[in-house]
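J.: Residues per chain are reported as follows:
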Amino acid sequence: MDLFLWELARASGLGAYAALCIATISGLAPRTAALAFLAQNRAVRALHDWSPWLIIPLVLTHVVALILDATARIGVLDVFVPFVTSYGRLAIGLGTISFDLLVVVLVTTWLRRRMSLAAWQLFHRLSYLGFFVLFSHAILSGTDLTSPIIAALTWLAAAVVAYYSFERVRRSRPMPSAG
Amino acid sequence: MSRTLAPGIPVRETQEERNLNAEQRPVTTGEQRPAKPGPKNRKPTGRTPAWALKLGSALFAFAVFGGSFDYASQHLATANAPLQPTVVAVAASTRPTVALSPTVSTTTRAPVTKTASS
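Residue numbers (our numbering), protein chains in the order written: chain A, 1 to 179; chain B, 1001 to 1118.
In short, the hints are calculated from the structure, not lab data. Be aware that a few hints might be false.
[Stated by the list, open to error] Covered by chain B, per the in silico footprint, the following chain A stretches (three or more residues, Cβ under 8 Å): (1) 1-15; (2) 30-41; (3) 45-58; (4) 68-82; (5) 125-135.
Predicted model, so just to flag it, every value in this text is computed and none were measured. Virtual Cβ for every residue (Gly too), placed ideally from N, Cα, C.
So here's chain A without its partners, still in its complex pose (with noise of 0.2 Å):
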């Protein structure tokens, strides 16, 4: 049985890894035209909307799937706490920090109307630091990145998310006045 645990629990910490990208460059999507090639900006804010549905479960299954896995002895409280398990501080702690953020991202989405923009937009862009505090989980603690192939593929997905993450920022900068 904790062998199947542990399968599990990488085979959806990849798949939660792989949904994050897609919620990711699918929210920058429409200020940066990098999904333009493949569907219209009202299509990839649907798709955008709707990833929390892909998101969720895979990342529970992940989170449950290593507290059931007698091996690898993470607890309930080291899922919301960081840095408190008896190794791996570091890595299992950045994971932590990022299962938080991604909590309140998802919460403050949800409370969205009872909020004001500013405050929704600071809790939205919590987002970024998250996504690059999983890369970090990922990196520092994933067993499958000892794969070549895995490890490829995961860099691949973090600099597209990386490079729109610039591209973003530097198309919502203010254009100089002409003159």
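Starting from the structure of chain A, add chain B where the hints point.
T.: Coordinates of chain B only, in the frame set by chain A:
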């Protein structure tokens, strides 16, 4: 040519003033006009519907999940994995060792079997 009732409050032009302004406006030829961003100048955008994007991304994420599960089941233990829970090291050090030795011992007695030949 715009009139103002008070500073900063513009008043709409009369038709007469509009005609006068139109006469004074420079005539531009087709060559001078800046090109409008028409369909030819715009980059073509994809027409994939939202449901197809959702389906495609779900299939992609679950393909990654399935592929990773298959890989993980084939590579259960990775020696150079970054995280090695201590329980593995303890289990490895306390594993009982089995000394292999031949189970058939030699004897000095004469063999009890014989091969009969006719």
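J.: Next, verify each hint and record whether it holds.
T.: Hints, one by one, checked against the model:
no., hint, result
1, 1-15, "holds (count 10)"
2, 30-41, "holds (count 7)"
3, 45-58, "holds (count 6)"
4, 68-82, "holds (count 3)"
5, 125-135, "violated (count 0)"
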